[in-house]
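J.: Listed here are the chains, written in short residue letters.
Number of protein chains: 2
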Amino acid sequence: MARQERALRTRRLILEAAASVFDEFGYERATIGEVVARAGVTRGAVYFHFASKRELAQGVIEGQFEAEAVPERSCKLQEFVDTGMVVTHLVPIDPLVSAAVRLSVDQGADKQMGIDAAPGWISRLERLLVDAGERGELLPHVVPADTAGLMTASWVGVQLQSQRFTGRADLAVRVSTLYRHLMPSVAVPGVLACLDLAPDRGARVYAEMTAAREAAAGEVAGAAGPEGADADAG
Amino acid sequence: MARQERALRTRRLILEAAASVFDEFGYERATIGEVVARAGVTRGAVYFHFASKRELAQGVIEGQFEAEAVPERSCKLQEFVDTGMVVTHLVPIDPLVSAAVRLSVDQGADKQMGIDAAPGWISRLERLLVDAGERGELLPHVVPADTAGLMTASWVGVQLQSQRFTGRADLAVRVSTLYRHLMPSVAVPGVLACLDLAPDRGARVYAEMTAAREAAAGEVAGAAGPEGADADAG
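These protein sequence lines map, in sequence, to chains F and E. Using UniProt numbering, read the first sequence as starting at 1 and increasing by one per residue. Using UniProt numbering, read the second sequence as starting at 1 and increasing by one per residue.
Read the hints as simulated data drawn from the structure, not as lab findings. You may find that some hints are simply not true.
Identical chains blur together in the list; that is why a pair holds if it fits in one copy or across any two.
Quick list of in silico lysine to aspartate or glutamate cross-link-like pairs, DMTMM-like style, CA-CA up to 25 Å [unchecked claim]:
no.: 1; residue 1: 53; residue 2: 208
no.: 2; residue 1: 53; residue 2: 126
no.: 3; residue 1: 53; residue 2: 28
no.: 4; residue 1: 53; residue 2: 94
no.: 5; residue 1: 53; residue 2: 170
no.: 6; residue 1: 53; residue 2: 79
no.: 7; residue 1: 53; residue 2: 200
The task is simple: from the sequences and hints, build the whole structure.
T.: Structure (structure tokens):
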């Protein structure tokens, strides 16, 4: 394994350990010592990649955004919905996403500024709404920045409520209820009628993304010649 | 002052001190010692009213619900909107409301169950939606429990976002945006057209409530005879 690849793997290992620590303890009570213990690396390795607890938290939040976007759709409002539905699907299964949500909601008094995933989500959603508007999918009164901010805020509130009441067991159903309430105020009727807002939408789109990723990996392995193809088959 | 009245005043003093401590430190870092110091009462007085930190937190959350309901309206969906708008108006000015919101959002790992204002708000809103349904104000697909839960969750998320981004300076505007997005999926068109969803709605309804309370106090003082009337004028 090349040195750079090894460094990236270590960085990912540290981020995942940090995510599990932040998710369990919150920002204030999290310690770098605990991250070191869980990552199974040296304290020096952690400090090589992240100078402070704050940088670790920032890394967790940014790590979420390295994840690829949902597949493009001809209907941009479906992409808008899919973006929220896939994150909803990932919260209970991806420690980085779960920790990013928790860090963004934490209200610790000592908390440093800038540890918040919301601004990134708001601009991602705002861009999709602007695209949707250019294609005539939006009702005329919609202000993309306002609707993107509201969607993000409401999603966070719904996530908190689901976590508190059912340990997230009904998260997908609650998020579907959120979209069913919001989209009629956003989409023109013809687009609204075509939107898939079902609770299992996130799981289906994520399966599609996984299949596409595996197909792409297979192609790369195939292009590498018989050796690569063998490795893929074995 | 009668003994019972004095006890109620002390209880209120303790709750307000507890609210300011919870609001500043969160549940986990709050101490009864700090509540004692801020209330200016003895430790024994605090323990006479509240056996533990958990009971203090519960008291803060219940204290919020002792507040009177918004004025009755012939349109129950306007009462539904007013309920959320008045709380929105109170969050920045009433420490009990602010602390109840913070306690409900706190995610501390050690946090005991039952410290959550949301269930009380959800049932209050659900009752108003059921009344609205009986008067034909709701679209046919609305499920009162689902919409009440979503409204409460979204409000909490919007409050967090406003606090994070602007220190709550734009809270009323953001909550108005929330209602403008949700109500078209809840109200029949004839009712929707009559709803007042303006950002200053909460302040106006609260002024109406204050005036009604002062008028009632004046009447009581008047009924108590010249002495009472003098006291009121002085």
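J.: So which of those numbered hints doesn't the model satisfy?
T.: Violated: hints 1, 2, 5, 6 and 7.
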